[in-house]
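Model the full structure from these sequences, guided by the hints.
Respectively, the protein sequence lines represent chains U and R. Quick note, the numbering used here runs 87 ahead of the 1-based positions in the first sequence. Quick note, the numbering used here runs 4 ahead of the 1-based positions in the second sequence.
Hints in this document: simulated from the structure, not taken from any laboratory. Cβ coordinates follow ideal geometry from the N, Cα and C atoms, glycine included. Among these hints, one or two may not hold up.
In silico SDA-like pairs for lysine to any residue, Cα to Cα no more than 20 Å straight-line [what the hints assert, rightly or not]:
# : chain 1 : residue 1 : chain 2 : residue 2
1 : U       : K270      : R       : T57
2 : U       : K270      : R       : Y55
3 : U       : K270      : U       : L103
4 : U       : K270      : R       : I62
Here are some, though not all, of the chain U residues that point toward chain R, as calculated from beta-carbon distances under 7 Å [said to hold, decoys possible]:
# : residue
5 : I107
6 : P150
7 : A279
Derived contacts from chain R toward chain U, CB cut-off under 7 Å, selection only [claimed, not checked]:
#  : residue
8  : H9
9  : I12
10 : L15
11 : S25
12 : L29
13 : V30
14 : Q32
15 : V53
16 : P63
Each chain is listed here by its residues.
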Amino acid sequence: MEKRAALTTNILAMFLGVAILISIGTTVFTLDRLHTASLTEITGAVTGTANVTITNTTSISLPNSTVAFGDITIGTANDTTDNNPLPFQVRNDGSVNVNVTINASALFTGLTRNQSSYRFVCRADEGGNCPTGSAASLTDMPTANDTLLNRTAVFDLPADDSNDSRFVDIEVRVPSDEPGGAKSSTVTFTAAQI
Amino acid sequence: MEARHRTIILLTILLMALLLSGSYLVLQEINAVAPTQIPAEPQMISTTVGYVTMNVVIPDEGEP
Numbered sequence: 088m089e090k091r092a093a094l095t096t097n098i099l100a101m102f103l104g105v106a107i108l109i110s111i112g113t114t115v116f117t118l119d120r121l122h123t124a125s126l127t128e129i130t131g132a133v134t135g136t137a138n139v140t141i142t143n144t145t146s147i148s149l150p151n152s153t154v155a156f157g158d159i160t161i162g163t164a165n166d167t168t169d170n171n172p173l174p175f176q177v178r179n180d181g182s183v184n185v186n187v188t189i190n191a192s193a194l195f196t197g198l199t200r201n202q203s204s205y206r207f208v209c210r211a212d213e214g215g216n217c218p219t220g221s222a223a224s225l226t227d228m229p230t231a232n233d234t235l236l237n238r239t240a241v242f243d244l245p246a247d248d249s250n251d252s253r254f255v256d257i258e259v260r261v262p263s264d265e266p267g268g269a270k271s272s273t274v275t276f277t278a279a280q281i
Numbered sequence: 005m006e007a008r009h010r011t012i013i014l015l016t017i018l019l020m021a022l023l024l025s026g027s028y029l030v031l032q033e034i035n036a037v038a039p040t041q042i043p044a045e046p047q048m049i050s051t052t053v054g055y056v057t058m059n060v061v062i063p064d065e066g067e068p
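Listed below in structure tokens is the structure:
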């Protein structure tokens, strides 16, 4: 009988020992986690945290937003490379470098029109040149009104005020079967932060 | 085994269960308030529009 009582006492002691170990272990673990987190809700200590987030701004503008060719005879071409009329001028007004892509609505309706009837090219304004990756030669204007078809006009346009604008020249070739009258195309420039 | 011993053992097991569940709950609470994630900055987009205009002229057939 005494042997059985001793065995029971040993089991009891073992359980209590395990309970104490678990208690100590979880306490240490919890305190450790609390130490790396916040103690304010437990101790009442008041601490303040100031979070400052510097937000990048992405913004472009068109100081010259209209390219007006005036009268053009069918079957002829004109462009803005001679600054007559003035080309688009794209300026980075944000705080980060951007890639500028271009898309436009259709300009002509004549059956003989093709993609080469309406083209664009990047030209230096401020800064030495159009960075590699820009439209370095006359490029067909995407006119599907689908932003997924956007083409890069100016690659890596800097935010630095002394170097933040480029010209985008436009060339038009009026199809020989284009109906006469006023024509207009809306050109959308989209800048994406690099 | 005496009844009091069984009671003590049951109480001890209950103590362990309470400690484990309590610790679990405390840790869950800490994880809920701790700043663990910084949301990724979305890519910023800016769009502006311009216009290309012209007047297409059809030459008079009678002109030389």
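Tested hints:
no.	hint	result
1	U:K270 - R:T57	holds, 6 Å
2	U:K270 - R:Y55	holds, 10 Å
3	U:K270 - U:L103	violated, 91 Å
4	U:K270 - R:I62	holds, 13 Å
5	I107	violated, 10 Å
6	P150	violated, 10 Å
7	A279	holds, 6 Å
8	H9	holds, 5 Å
9	I12	holds, 6 Å
10	L15	violated, 9 Å
11	S25	violated, 10 Å
12	L29	violated, 10 Å
13	V30	holds, 6 Å
14	Q32	violated, 11 Å
15	V53	holds, 5 Å
16	P63	holds, 6 Å
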